[in-house]
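Student: These protein sequence lines are chains P and G, in that order.
Using the numbering used here, count along the first sequence one by one with no gaps and you end on 225.
Using the numbering used here, count along the second sequence one by one with no gaps and you end on 783.
One or more of the hints may lead you astray.
Distance condition first, Cα-Cα at most 25 Å in a straight line; then the derived DSS-like pairs of lysine-lysine [stated by the list, open to error]:
| id | chain 1 | residue 1 | chain 2 | residue 2 |
| --- | --- | --- | --- | --- |
| 1 | G | Lys631 | G | Lys153 |
| 2 | P | Lys162 | G | Lys44 |
| 3 | G | Lys631 | P | Lys88 |
| 4 | P | Lys88 | G | Lys76 |
| 5 | P | Lys80 | G | Lys76 |
| 6 | G | Lys76 | P | Lys112 |
These stretches of chain P come out as covered by chain G in the derived footprint (C-beta under 8 Å, 3 or more residues) [said to hold, decoys possible]:
| id | stretch |
| --- | --- |
| 7 | 87-95 |
| 8 | 107-120 |
No wet-lab data here; the hints were simulated from the structure.
Given the structure is predicted, the values throughout are model-derived calculations rather than measurements.
Built from N, CA and C at the ideal position, the CB exists for glycine as well.
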Amino acid sequence: MIKRLIASLFLLALTLPAMAAFDVGQLMTDLAKNKGGKAKFTEKKYISLLDKPVVSSGEMSYTAPDRLEKRTLVPKVETLLLDKDMLSIEREKQKLSINLANQPEALAFVDSIRGTLSGNRAALEKNYALHLSGSPDKWVLTLLPSDQKIAALVLRITVSGSKGLIRSIEYLQADGDRSVLNMEPVEVK
Amino acid sequence: MSRPAVRAFLIWLLAMLAGAVVVWNSHFTADMSFFLPAKPSPAQKVLVDQLKEGVVTRLLMVAIEGGDAPKRAAMSRSLRARLQKLPDFVAVQNGEAGSLDADRDYLFRHRYLLSPAVKPERFTVDGLRASIANSVDLLASPAGMMIKPLLPRDPTGELIELLSGLNAGAQPNVRDGVWASRDGERAMLLIQTAALGSDTDGQEQAIAIIHRQFAESAREAGVSDARMQLSGPGAFAVKSRETIKSEVSKLSTISTVAIIAVLFFVYRSLRLLTLGLLPVVSGALAGIVAVSLAYGTVFGITVGFGSALIGEAVDYSIYYFVQSGRLGADAWRQRFWPTVRLGVLTSICGFTALLFSGFPGLAQLGLYSLSGVLTAALVTRFILPALAGNDHPIRDLSHLAAPLNRGIRLLQGLRWPVLLLTVAASVVLVIDRNELWHPNLSALSTVSAEDGARDQALRADISAPDSRYMVVIGAADREGALQAAERAGQQLDTLVARGVIGGYDSPARFLPSQAMQASRRASLPEADELQARLQAAQADSPLAAAKLGAFIEDITTARTQPAIGRDALDGTSLALAVDSLLVQRPDGWSVLLPLRPAGGDKGLDIPVDAVRTALAGSDALFIDMKLEFDTLYNDYLHEATLLSLAGLAAIVALLGVTLRSLLRLGAILLPLGLAVILVIAGVHLAGEQLHLLHLIGMLLIVAVGSNYALFFDRGGDEDRLDPPTLASMAIANLTTAIGFGTLALSSVPVLHAVGITVGPGAVLALLLSASFSGKNRV
């Protein structure tokens with residue numbers, strides 16, 4: 037009886053400092069508080085074949101937990117809508133709809149951004165190992181793919197932000213090319 | 006046997022042997038051609054060709070159930086691997102990654118001959134700058150990941166141009182890397198057989214192989230509850246043939262056994278029974294011989310009609326044996342044969358009308374019954390007396406006289422109620438006149454509602470094409486056909502751009518005409534020239550001209566590459582697409598361009614007028630298959646109405662000329678008319694929708710029923726029919742009712758409709774003729 041009591045006290049002691057410090061759980065709680073909003077984005081893709089990065093910009097809007105719209109205005113108007121597992125892309129006169137449930141690799145990719153936005157730790161840890169550094173005001177979350185199939189596409193995803201807001205996402209692809217997505221929240225009046 | 010008897014028997018035997026040889030060598034079929042027009046219009050010809058040889062009729066859809074998703078996927082992969090090795094299958098698709106690699110390779114390798122964007126402007130400095138800038142922009146898009154590896158070789162984005170014209174419509178769901186149903190509970194495959202849709206044997210064999218290989222796959226995967234569902238036009242054809250086969254033997258057996266039982270009850274003599282069946286067997290054989298000689302192919306349904314023929318043909322020997330018992334053969338010939346002959350002739354009038362039908366099935370039924378009845382009557386008249394001699398003591402039937410006469414008197418008392426009932430029936434038919442008829446050809450289809458529903462479900466799950474709308478163009482040769490397809494394609498492109506149609510398929514997309522290939526090749530600049538233009542075009546682009554060496558190489562290769570022909574497609578699934586859309590016919594080539602509806606809120610219909618307008622001026626034919634089917638059925642129905650009226654007119658004329666009395670003619674036709682109205686009202690009230698064969702049934706009620714009315718007319722002459730005559734009529738009527746009535750049990754709509762009308766109709770014709778017989782006519 038006493039042994040057990042001591043053991044549980046010991047466990048309590050172990051967990052106490054962790055609760056106070058900034059960890060993935062804390063970050064996820066902060067992120068989950070964000071119920072949606074709009075942001076302007078600029079995306080730069082660094083491709084070895086090209087002398088200059090490809091730059092695109094537009095607006096993004098997010099509604100918790102699973103609706104994300106990315107509207108590219110420059111260089112070409114293109115709308116990408118993610119609603120639950122349906123991904124649709126509209127570009128010029130072409131419209132393409134993909135059921136992500138059919139594409140596990142693409143789903144894992146999409147989950148990296150969706151899981152971060154909604155603070156869904158379980159969804160993230162299904163495909164990635166998470167590493168957090170920094171403070172609640174300036175944090176960097178690194179996602180390393182745990183599945184070989186995903187690792188063949190992307191080596192590392194680095195998300196940075198402050199409190200419950202994401203500021204940038206960087207994808208480092210397996211071929212060395214990378215893309216950086218910067219976001220600037222728009223105040224909703 | 007006497008000398009003439011031996012001679013008659015020998016002649017008959019020889020004829021039968023000859024007939025047996027013909028039947029032995031006959032070709033029997035149970036396919037769709039029963040329903041397809043004998044003299045099709047150009048649009049109907051497309052329909053017929055599509056139904057017989059169209060690629061859609063060679064598609065089988067397979068759903069695998071049981072186990073869990075990974076097990077189902079494993080079974081799907083294993084089944085595909087097994088079937089693909091076999092020559093019986095042209096293509097087996099299950100959505101597996103890599104299964105389309107050969108197609109993508111072909112499209113990429115020949116992109117400069119295939120892409121519609123390849124024109125001289127495309128390779129000018131401005132053209133290159135614009136198309137390469139577009140590709141670079143595309144890198145910004147999520148789709149960019151897909152094109153990035155191809156960019157150095159295909160900076161102008163020809164592969165994207167090619168793929169964007171292909172069907173971007175609904176794709177099946179995927180679970181564990183293979184196609185799955187919408188609910189994910191079944192793995193789906195789409196299989197193309199090597200056998201044509203019209204080759205029922207080939208389809209049956211292919212289906213059997215699929216079942217066998219699936220059992221192996223399931224065993225391999227260790228799934229004990231694995232099940233497979235299979236549907237498609239081939240499966241329907243096989244199933245309907247099985248149905249018809251089993252029904253033909255079942256129905257013939259039922260009616261033969263029942264009729265033999267009746268005959269044995271009457272004759273109580275094996276010898277008389279055997280002799281009595283002689284005209285029937287001869288008639289049935291003659292029917293098949295006539296059809297086989299006239300049409301080359303005998304439909305299974307025609308043979309199924311034999312059950313009715315047996316019931317009708319046995320009448321003549323019944324008349325002979327029962328009526329001639331007392332009188333002897335000569336007296337029978339004198340007294341009764343003219344009446345029987347007139348009955349035979351009215352039946353023949355009815356069946357002859359069908360001969361002129363453009364609906365091949367109907368024409369065959371007509372010829373079959375016509376030759377069968379005629380032969381049975383002739384055998385009865387000329388062979389039977391000689392073989393039977395005068396020694397055929399028949400059981401004394403005089404004890405039947407009293408009850409039969411009581412029955413007739415009872416019926417005669419029911420005249421007014423019968424007339425009132427008929428008026429009521431007519432009122433029902435007039436009120437419900439708009440709901441009486443089934444509107445389309447599906448009424449005649451042997452496909453059960455259950456099978457139809459399963460087919461719909463599989464089709465929806467796999468998004469299989471149904472090819473309802475099609476543009477068809479004829480040409481003298483392959484090159485001409487492909488050029489015509491390219492011209493029509495340009496016209497259709499405007500409709501796609503305007504959103505009138507969702508898209509279209511064309512063989513020219515994968516195999517352009519030689520002229521088109523030559524013009525595309527001529528658009529490609531020489532290496533040095535291209536190098537110089539690229540330098541100029543890419544001066545300010547992030548994609549430096551120096552990195553596009555592979556592009557210049559590929560263009561140089563394309564300039565010297567020989568033109569692609571049909572053999573270049575071997576090993577890809579595109580070969581199948583081209584072969585099914587570009588078809589050689591005895592009189593030239595024809596090219597098919599299936600159209601896809603715009604979808605979304607515009608639904609699945611294509612505005613026919615808009616397409617016709619766009620194609621105006623070309624000799625392209627736009628066809629809505631569903632519309633053609635409905636038109637075809639309406640044509641058949643219209644024609645059958647005319648033929649029935651013509652048959653009726655012939656019967657009336659025949660009776661009028663023979664009887665030379667309007668009163669007697671009216672007395673014969675009245676009960677027949679009443680019988681028709683009562684039967685049709687009865688069938689309608691029983692909840693059956695009438696179709697073409699019910700209409701034919703009405704004609705046959707008159708043609709067959711008149712036989713009984715004629716005896717009462719004769720009875721009218723002599724005031725009263727003697728007991729043997731009455732008994733023979735009752736027995737003959739019973740056998741006819743058994744013969745046609747058996748058909749009513751059939752699940753084949755064509756046979757069922759004739760049975761359900763003529764069976765009760767013949768009985769009513771006898772009863773009503775009795776009711777309205779005698780001096781005190783209404």
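Student: Hint check: Lys76 of chain G vs Lys112 of chain P, CA-CA at most 25 Å. Holds or violated?
Tutor: Distance of about 44 Å is beyond 25 Å: violated.
Student: Quick one: see if chain G covers the stretch 107-120 of chain P, three-plus residues with Cβ-Cβ under 8 Å.
Tutor: Held - the stretch 107-120 of chain P has 5 residues with a Cβ nearer than 8 Å to chain G, which meets the minimum of three.
Student: Sort out whether Lys153 of chain G lies within 25 Å of Lys631 of chain G, counting only the CA atoms.
Tutor: Distance ~45 Å between Lys631 of chain G and Lys153 of chain G Cα, so the pair is violated.
Student: If you draw a straight line from the CA of Lys88 of chain P to the CA of Lys76 of chain G, is it 25 Å or shorter?
Tutor: This hinted pair is violated, its Cα atoms lying about 48 Å apart.
Student: If you draw a straight line from the CA of Lys631 of chain G to the CA of Lys88 of chain P, is it 25 Å or shorter?
Tutor: Status violated; Cα separation ~56 Å.
Student: Within a Cα-Cα threshold of 25 Å, do Lys162 of chain P and Lys44 of chain G meet the stated pairing?
Tutor: Given that 25 Å is the threshold and the Cα spacing comes to 66 Å, the pair is violated.
Student: Please check whether the stretch 87-95 of chain P has three or more residues whose CB lies within less than 8 Å of a CB on chain G.
Tutor: The restraint on the stretch 87-95 of chain P holds, since 6 of its residues have a Cβ under 8 Å from chain G and three suffice.
Student: Given the hinted pair Lys80 of chain P and Lys76 of chain G, is their alpha-carbon gap at most 25 Å?
Tutor: Violated. Lys80 of chain P to Lys76 of chain G sits at ~43 Å, over the 25 Å cutoff.
This entry does not satisfy hints 1, 2, 3, 4, 5, 6, going by the numbered hints stated previously.
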